[in-house]
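Chains as they are written, first to last, in this note's numbering: chain A, 1 to 421; chain B, 1 to 420.
For the record, the hints were derived by calculation from the structure and aren't laboratory data.
Keep in mind that the hints are not guaranteed to be accurate.
Straight-line Cα separation of at most 27 Å, DSSO-like style, residue types lysine-lysine; simulated pairs [stated by the list, open to error]:
hint, chain 1, residue 1, chain 2, residue 2
1, B, LYS5, B, LYS37
2, A, LYS18, A, LYS64
3, A, LYS18, B, LYS242
4, A, LYS75, B, LYS296
5, B, LYS154, A, LYS125
6, A, LYS122, B, LYS296
7, B, LYS296, B, LYS375
8, A, LYS245, B, LYS154
9, A, LYS245, A, LYS64
10, B, LYS375, B, LYS196
11, B, LYS375, B, LYS37
12, B, LYS22, B, LYS296
13, A, LYS310, A, LYS18
14, A, LYS64, B, LYS296
15, A, LYS245, A, LYS336
16, B, LYS56, B, LYS154
17, B, LYS375, B, LYS154
18, B, LYS22, A, LYS352
19, A, LYS336, A, LYS349
20, A, LYS349, B, LYS56
21, B, LYS5, B, LYS22
22, A, LYS75, A, LYS122
23, A, LYS245, A, LYS125
24, A, LYS125, B, LYS296
25, B, LYS79, B, LYS196
26, B, LYS154, B, LYS37
27, A, LYS237, A, LYS336
Just so you have them, the derived chain A footprint on chain B, three or more residues with Cβ under 8 Å [what the hints assert, rightly or not]:
hint, region
28, 137–151
29, 193–200
Ideal placement from N, C-alpha and C gives every residue a C-beta, glycine not left out.
If you want the building blocks of each chain, they are given just below.
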Amino acid sequence: MSSLEITTIHNSANLPIKAIIKPEFHQTYALAMVDFGSLDSTITNQLNIIPGSAHFLEHKLFAKPNFDSAEAFAKFGANSNAFTSYTKTAYLFQTVGQVANNLGVLLDLISRPYFTEANVLKEQKIIAQEIQMYADNPDWVLEQATLNNLFPHDPITQDIAGTLSSIQEITAANLLTIYQQYYVPSNFQIYLAGAIDQQNLEDQLAEIIAHNRAIQQFAQRTKQPVLRYQPIDYPVKSAQEIVFKAQRPHMMLGLRIIVQASLSEMIVLQNQLELLFGLILGETSSLRQSLLEQHLIDDSFGYSVIVERKYAFILISAETDQPHHLGEVLRTYLLKQEFMAELTAAALKMVKADSIGSYLFASDYMENLATESAELAFYDLSYEQMPPLINQISLEQLQALATTIFQADNMTITYLQPEMN
Amino acid sequence: MNEPKIIQLRPGVELWWLPTDKFQVFRWEFNFITPQKRAQTTRRKLLVNLLQRSSKQYTTQAQLARQLSLLYGAEITGKTSILRNLNILSLAVTAPAAFQTTSLIQPSLNLLYELVAAPNLQADHQLFLESAFQLEQTNLANFYQSLQDDYALKASLGLKQILASADFQVPAFGSLTQLHQVTNEQVSQQYHDLMKQDRLIMTLVGDPNNQAATAFLQQLDLMTTRTQPINLEAQQLLIVPKHPLCVQQHEPIQQSQLVMAYHSSIKHSAAVWQVFNMMLGGDDQSLLFTNVREQKGLAYSIYSTVNVFEGLVTVQAGISADQIETAQELIQQQITHLAEQEDERLLQHAQLALINQRLIDSDNIVHQSERLLLKALNSHFIWHDSDYAQQIQAVQLAEVQDLAAQLQLSAQYQLIGDNK
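Based on the sequences and whatever the hints tell you, model everything.
Here's what the structure looks like:
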């Protein structure tokens, strides 16, 4: 593997800026990721975080007095974007050249909130359209229903964008309070990947910071944000039927993983789960082949392993003409541990090779390198540590994991039947 | 950027090779090329699905997946596409070039060739194994059904249906109507024709030290001489109506889709079209984004795309049903702005954005592979990034204004959401 060494970008503001230098590429990809996402909603005496606030803030932080940060990026030839997940919000740019100037725009973006009632009102309309776009998607509806049953009463079940009614309650004052609480340097990881001249970047960054008071003030902020680390402890609801406009029936099986682990151990768990599910339900597995041959599944079948902070869950989904039959087959397969024959040393070697290969592929994509590095940093891990971590996972560990996680009480199935016109 | 190496194996069979050491992976693609014919569109799609899923040696997906895993996650991708008068069936392997000191190129290439040259046929080598055929037929039918849940795609295809000429009415990925009539005999015949008659352009990105490339070429006995010349040619893909056509459909959904197509019968260079498109709706600085989305809050998703060969620009937006008329007016206003205003700032931004995007695309192995194919088919295709930049920089505002002024609305498709 080519070098994925992480270089610290020294700066007078002591902001946590790191780089993976790949001079063979034209582009530079950078993102500033904050440990604050949609599930950090709460009501306390000090703070009211309305569902959809993290996402709304992400949209609105681009607004500055008399300009939009996207314009500033564009002046330096960069395209920019942002995203919000359950536990993170990220602001990013992709550029050819002008790295220091664009990094300056990025730091200015996260340093300088400008929320007004007028710009909040305008954004409500745009986000309303975004919410309506997802609301017509049966896969999204299915996932929301499954999450609701897997984590009842937990903020993870709230749509990341909020609802049409919740976004109407968001005000400029709300957003500012949330910003002040969570957007602090200690809660950020800032990563670049691609063509970077370290010395040049540091020299130019020094000039930029020296002339930008907002960045200097941001760098001084030291609040301790309150984050939600683990789910609310409520029983999982076992099943649900929903009716929605769709061409075919769908099913989704959700499995909640109950853990007691440190944050870095969560990443080990994530990789163990990826290997385990790769063995028992991946494309190499006998069950999957059998389900294909029975026409119970097709290319729409898949699974996701999701680990964020101390939330861990699996979602297995398919479009199928026999959703109840498929649901029952999967449930039995997992609960009765009918997959044990798949857990062999040879098979593990094979899925490990596949998993390590994915890191080889990803090292050609600057977006992957920067994003994954930033995410791993929140768990005190680096990209380069991943292949050896995967290699160390043993068959015994996977067998032990398999005997503990598949419990009926942790499982839910959602069936989506097409609405009859 | 390196120049591609061209190796003519035999008439109608050639390799275009970019021996770069930039990437950790390499990519070899077989591109089988034939004139586009409507009746064959879905057959070819079904064929590529069959080829990428199993073979004589790896008779199930699971067996093939195990081999790919052992090659450190090598990926096999198959697709069909339509480029002007041509239908292109592509099958590629993208794989790590090496892991530690072990080269993975030769075994990955061998696997790809197994899929192409020794597919999952019955013992008489004529028809596909019936179980494999039915599996893929069902898979594809399910895929077509599921596409109906993607309303943005449905709207985009709806617009294309209004304008497409007969041979291009069916999209490259095929249709359920055609699929119902496709037989194993037809798909098998398609395979045998492909192996004997289709022009074959192979592309390779990587293997800078020729660890496997030329040796692999010598293995390709079954890629025999193809005598029929097959070339990229101008083709009328669209029938532009004399008066604008509008098709409206209703669905019980929340968000409506509006797709509008504008046409210019006067030829403009590809560079002018691309700059125009970037200014109109190509990114977050474009007129559609800033004025329709950011200023008016009418749409979360709004953008434009351009078909340079056909002289067509299409605008698509997801909006509320009660805002359709307003959106139509606003979209037209942006085109009028480009025709009448001297927006130098936006022109310069569009040029910079296009040039940078081109360089960013050069960092992507799939884009590099596609460029090799385009260059092989069209000697005028701009290979060097610097030449591309020059063409884009040469575009004058007056040319963009002329283009905008000549555009006429040809057709629109409205998918009205009745569910609030």
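To see whether the hints hold, each was checked on the structure:
About 32 Å separates the Cα atoms of LYS5(B) and LYS37(B), which puts this hinted pair outside 27 Å; it is violated. Under the criterion of a C-alpha separation no larger than 27 Å, the hint pairing LYS18(A) with LYS64(A) is consistent with the structure, at around 26 Å. For a cut-off of 27 Å, the pair hint linking LYS18(A) to LYS242(B) is broken: about 59 Å separates their Cα positions. With a CA separation close to 23 Å, the supplied pair LYS75(A) and LYS296(B) stays within the 27 Å bound.
For the suggested pair LYS154(B) and LYS125(A), the alpha carbons sit about 24 Å apart, so the restraint of at most 27 Å is met. With a CA separation close to 8 Å, the supplied pair LYS122(A) and LYS296(B) stays within the 27 Å bound. With a C-alpha separation of about 42 Å, the suggested pairing of LYS296(B) with LYS375(B) is violated against the 27 Å cut-off. For the proposed pair LYS245(A) and LYS154(B), the alpha carbon gap of about 15 Å is at most 27 Å, so the pair holds.
Using a Cα cut-off of 27 Å, the hinted pair LYS245(A) and LYS64(A) is violated, with the two alpha carbons roughly 41 Å apart. Under the criterion of a C-alpha separation no larger than 27 Å, the hint pairing LYS375(B) with LYS196(B) is consistent with the structure, at around 23 Å. A hinted pair counts as satisfied when its Cα atoms are at most 27 Å apart, and LYS375(B) with LYS37(B) qualifies at roughly 23 Å. This hinted pair does not check out: LYS22(B) and LYS296(B) have alpha carbons roughly 44 Å apart, beyond 27 Å.
Simply put, LYS310(A) and LYS18(A) have alpha-carbon atoms about 25 Å apart, close enough for the 27 Å limit, and the pair holds. At most 27 Å may separate the alpha-carbon atoms for a hinted pair to count; LYS64(A) and LYS296(B) meet this at roughly 18 Å. For the hint linking LYS245(A) to LYS336(A), the alpha-carbon distance of about 34 Å lies beyond 27 Å, and the restraint is violated. Straight-line distance between C-alpha atoms of LYS56(B) and LYS154(B) comes to about 37 Å, which puts the hinted pair past the 27 Å bound.
Between LYS375(B) and LYS154(B), the direct Cα distance comes to roughly 32 Å. Violation of the 27 Å bound is thereby established for this hinted pair. About 25 Å separates the Cα atoms of LYS22(B) and LYS352(A), which keeps this hinted pair within 27 Å; it holds. Taken as a hint, the LYS336(A) and LYS349(A) pair is honoured in the structure, with Cα atoms around 25 Å apart against an allowance of 27 Å. Taken as a hint, the LYS349(A) and LYS56(B) pair is honoured in the structure, with Cα atoms around 25 Å apart against an allowance of 27 Å.
For the hint linking LYS5(B) to LYS22(B), the alpha-carbon distance of about 16 Å falls within 27 Å, and the restraint holds. For the hint linking LYS75(A) to LYS122(A), the alpha-carbon distance of about 24 Å falls within 27 Å, and the restraint holds. At most 27 Å may separate the alpha-carbon atoms for a hinted pair to count; LYS245(A) and LYS125(A) meet this at roughly 25 Å. Note on LYS125(A) and LYS296(B): the hinted pairing holds, with a Cα-Cα distance of about 9 Å set against a maximum of 27 Å.
Proximity of LYS79(B) to LYS196(B) is assessed by CA-CA distance (about 19 Å); at most 27 Å being required, the pair is judged to hold. A C-alpha spacing of about 23 Å is found between LYS154(B) and LYS37(B), which places the hinted pair at or below 27 Å, so the restraint holds. Between LYS237(A) and LYS336(A) the CA atoms are separated by roughly 20 Å; this keeps the pair inside 27 Å, and the hint holds. Three residues within the 8 Å Cβ limit are the bar, and the region 137–151 of chain B against chain A gives 9, so the coverage statement holds.
Beta-carbon proximity to chain A at under 8 Å applies to 0 residues in the region 193–200 of chain B; the threshold of 3 is not reached and the given coverage is violated.
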